[in-house]
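Asker: Going down the list, the protein sequences come from chains A and B. Each residue of the first sequence is one higher than the last, beginning at 1 in the numbering used here. Each residue of the second sequence is one higher than the last, beginning at 1 in the numbering used here.
These are calculated hints, taken from the structure and not from any lab test. Be aware that a few hints might be false.
[What the hints assert, rightly or not] Facing chain B, from chain A, some residues (calculated, C-beta under 8 Å): (1) Q46; (2) A49; (3) I53; (4) I103; (5) L105; (6) L216.
Predicted model only: the values in this text are computed from it and were never measured. By construction, the Cβ of each residue, glycine as well, lies at the ideal position given by its N, Cα and C atoms.
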Amino acid sequence: MPVIDLANPTRFLNIVNRVLPWLIAATLILFVIGFYRVMNAPDDYQQGATVKIMFLHVPAAWLGMFGWGLMSVAALGTLVWRHPLADVAGKSAAPIGAAFTLICLITGSLWGRPTWGTYWVWDARLTSMLVLFLLYLGVLALYWTAEEPGRGARAAAVLSLVGAVNLPIIKFSVDWWNTLHQPASVFRMGGSSIDPALLTPLLIMAVAFTLLFLTLHLAVMRNEILRRRVRSMRLQQAQKLAEASA
Amino acid sequence: MSLGPHADFIVAAYAVTIFVIAALIAWVVLDYSTQRRILGGLEERGVTRRSQRKG
């Protein structure tokens, strides 16, 4: 089947209905394995048992950024090709990305208090992550308050592209500025600096959370397509009633 | 498994994560059933989409 066929909402719904049960099963299996490995992971020599918070915090941070990246690509589809499915993809990624960014901020604070002695500092990494969360709220406000969905979609797409500037700032903030937040330790030149006993459960949890993100994204896209069908049918019904009474 | 002297922070982090994700899943499931119910109601009243009529 050509990839372009996926752009047809009805065909897309059929594929989602077939794929979702498998994705849910794979996500659950990976979370079971991930939590088992997390429970049996050793304490870090510096952080102690609080390293267990990292198994949530790090994947949440990645997915918060991944969500915005997805919205930026979808924004190009909305603005350049004006494809409705691109807008559906962008709109559907926003609440999920916001949720993961919120998890990243809260778990980071809960890790920071025992490790740094404070819940929050205005350093570049933490601040740019907070900016990402505020950008998510901005996009959601644009989508949810626009009277005409097309106008809301275009405004949200523009904000998604503008906000993408924040992604490299988040990534390289620990290199560009002197921050309390530690530098990259998983993906960095020369390989990961994390011991395999901690790195393996971290990567399993990262894949599990990524599958959860994709599962939720497809499910939210399905809901959005159905919502648009409802809107279109209601408009037609209203038009018919108006014609009948004229 | 011992969580050490900072067990409260670790438990709170997992509780918050589970709560946020559970809320997200609940919203997705409820929204799906709501949209399906509304669509079913419209179809029962004979309202069809333009693409359905063409087919």
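Asker: State for each hint whether it applies.
Answerer: Here is how each hint holds up against the structure:
1. Q46: At about 13 Å, which exceeds the 8 Å cut-off, the nearest Cβ of chain B leaves the hint on Q46 of chain A violated.
2. A49: 4 Å, holds
3. I53: 4 Å, holds
4. I103: OK, holds: I103 of chain A within 8 Å of chain B, min 5 Å.
5. L105: At about 10 Å, which exceeds the 8 Å cut-off, the nearest Cβ of chain B leaves the hint on L105 of chain A violated.
6. L216: It holds, given that the least Cβ distance between L216 of chain A and chain B is near 6 Å, below 8 Å.
Checked against the numbered hints above, the structure violates hints 1 and 5; every other hint is satisfied.
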